[in-house]
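Student: Read off the chains here:
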Amino acid sequence: MIGTMRGLLTTARWLLRRPVTAHYPEQHMPVQERYMGFPALLTDDTADEPFCTGCMVCVRECPTQCMSAQMHDNPKFADGSSHRRKIIEEFEINLNRCILCGICVDVCSFDAIEMSYEHELASYARAGARADLTLLLEQGKRYVETSGWTPANPEKNSAGAALAKKAAAAPAAPASGGNEESA
Amino acid sequence: MRTQAAYETVDMMLNMGPQHPATHGVFRMVLTVDGERVVDVTPHIGYLHRGSEKLAEHESYGQVVTLFDRLDYVSNLNNELIFCRAAERLMGVEPPERAQYIRTILAELNRLASHLLFIGTYAIDLGGMTPIMYGFRERERIQNLFESVTGARMMHNFIRIGGVKEDAPPGFAPRVRALLDDAERGVAEIDRLLTFNEVFLARTRGVGVIDAPSALSCGLTGPSLRASGVAYDVRKDYPYEVYPYLSYKVPVGENGDCWDRYYMRVLECYESVSMVRQCLDQMEDGPVMAQMRRIARPPKGEVYVHGENPRGDIGVFLVSDGTDKPYRVKVRPPSFCNLVALRPMMRGAYIADAVAILGSLDIVLGEVDR
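These protein sequences, in sequence, are chains Y and Z.
Start counting the first sequence at 1; every next residue gets the next number (the working numbering).
Start counting the second sequence at 184; every next residue gets the next number (the working numbering).
No lab work stands behind these hints: they were computed from the structure.
Every residue gets a Cβ at the ideal spot worked out from N, C-alpha and C, and that includes glycine.
Possibly wrong hints are sitting among the right ones.
Claimed, not checked - Per label pair, the in silico range of CB-to-CB distance: (1) Z:H203 <-> Y:G128: 31 to 39 Å; (2) Z:Q202 <-> Y:P75: 56 to 64 Å; (3) Y:A168 <-> Z:R477: 28 to 36 Å; (4) Y:A168 <-> Z:N327: 40 to 48 Å; (5) Y:Q65 <-> Z:D223: 41 to 49 Å; (6) Y:L8 <-> Z:M196: 37 to 45 Å; (7) Z:G354 <-> Y:E90: 38 to 46 Å; (8) Z:E277 <-> Y:E26: 44 to 52 Å; (9) Y:A78 <-> Z:K513: 50 to 58 Å; (10) Z:A473 <-> Y:E120: 34 to 42 Å; (11) Z:R360 <-> Y:Y124: 15 to 23 Å; (12) Z:E277 <-> Y:N96: 34 to 42 Å; (13) Y:L8 <-> Z:Q202: 28 to 36 Å; (14) Z:S457 <-> Y:V20: 22 to 30 Å.
Said to hold, decoys possible - Taking lysine-lysine and the BS3-like style, the derived pairs with C-alpha atoms no more than 27 Å apart in a straight line are: (15) Y:K156 <-> Z:K348; (16) Y:K86 <-> Y:K166; (17) Y:K76 <-> Y:K165; (18) Z:K432 <-> Z:K237; (19) Y:K141 <-> Z:K348; (20) Z:K237 <-> Z:K419.
Turn these sequences into a full structure, and let the hints steer you where they fit.
Tutor: What follows is the structure, given as structure tokens:
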């Protein structure tokens, strides 16, 4: 009897306090800074192209094989506005298969992929969970806006910095052919 | 006039599960009942079998951690820790001290979260609807903290072979301290609400009793064994990580009934809180990852490492053939081994108590079936 009364008292005390829950579709709990949502691809603003070179490391290391990627020659490398010889042509992530482990981010040495804050999977299309390059880059832009992300290794991966470094290393004398090795 | 034979009864088979809310997953028990009494019980498992051990043979060491997250899915960090410790032992790598402290803090917080969930669901098993609300409230805070540290609420992939993924975020210690104060209050609240409630006592006292010798012979471990009066705790008996530097008690029960098994977990919650506080006091700055190659490639050999999970003694037997993928991963899951004690506990109990007994073992089917 005493135990029951004590239980009722505890419940009654909580009647007067604010609820700790949020009503989901209307209210969204903010995510933490390190939150790992679906992977997104990031855009190199200095060259207006993705960081991703399609090197396939993330594709190979993914424990669930949820990604596929294809590279092609970078046209911007030919005209000298980027240091990336190869660039991603197609990239697809099946978000239904993704287990949000973050291994792709760990293995990427081009700062190209990052776990974004996106975590809502529902879509109206049957293949809505298959994120293609456009969607992934769009998600990446949204992630950069909300998190203020910057590349961890800009002098290597950011086209502006890498090209400037290259120009500084070979001053005024445009070496023919041999210079491409350092790209 | 009828003969006595006409009134004789036969035992009835009663199927419970796999889709039964009180089995905490997809677990099936076939009860043989004589009236209201359980004569025998046959557990059927395997409904959640994903072949994690076999899958691990085809994945690199770093990827196997993601599979261990999904074994006991309410104490993920404890599972990650045990696999990483096994791989480290095989490679002869010692994680830096700060990494060990972070791991211990996370593991203890995860134990706290797991026990809070147990207390809540156990009350639900017995018909008390309120405690789970409080249990979930506190657990949610812990998971929010995990999110700020690891980036995920449940499937962290944070503990790595040789350390942890990254250092704790700024403001970690004060945040954990505030959380611990809240959690301690929350546990005390549930404790006050449930532990000595008359109805709860009537449902759990003297139910599902198992004495120390038979508990040991069944292979019970963890709080369920300690409730029977055996002070066996891997953290104390085979210390790992920074547990030797912490002072804590191992709560031991007397009767080995459902109430004791429940109360051991409540007491462990308080111990975990105190352990995390000590860790925060002792922790110093430093690196969080050992110097090692990026891709783990242990030398040929085999190792068995065990540790204390919220549910009991988890063990990993790891065989390496010198490649970057394990040759064999065998898990000794505490929930699965604890299920052996189900039959001796349940024999002679009432059908209504079957749920109370199963609930008191605190099984997680992800770990039972693997």
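Student: Need the list of violated hint numbers for this structure, in ascending order.
Tutor: When the structure is compared with the hints, numbers 11, 18 and 20 turn out to be violated.
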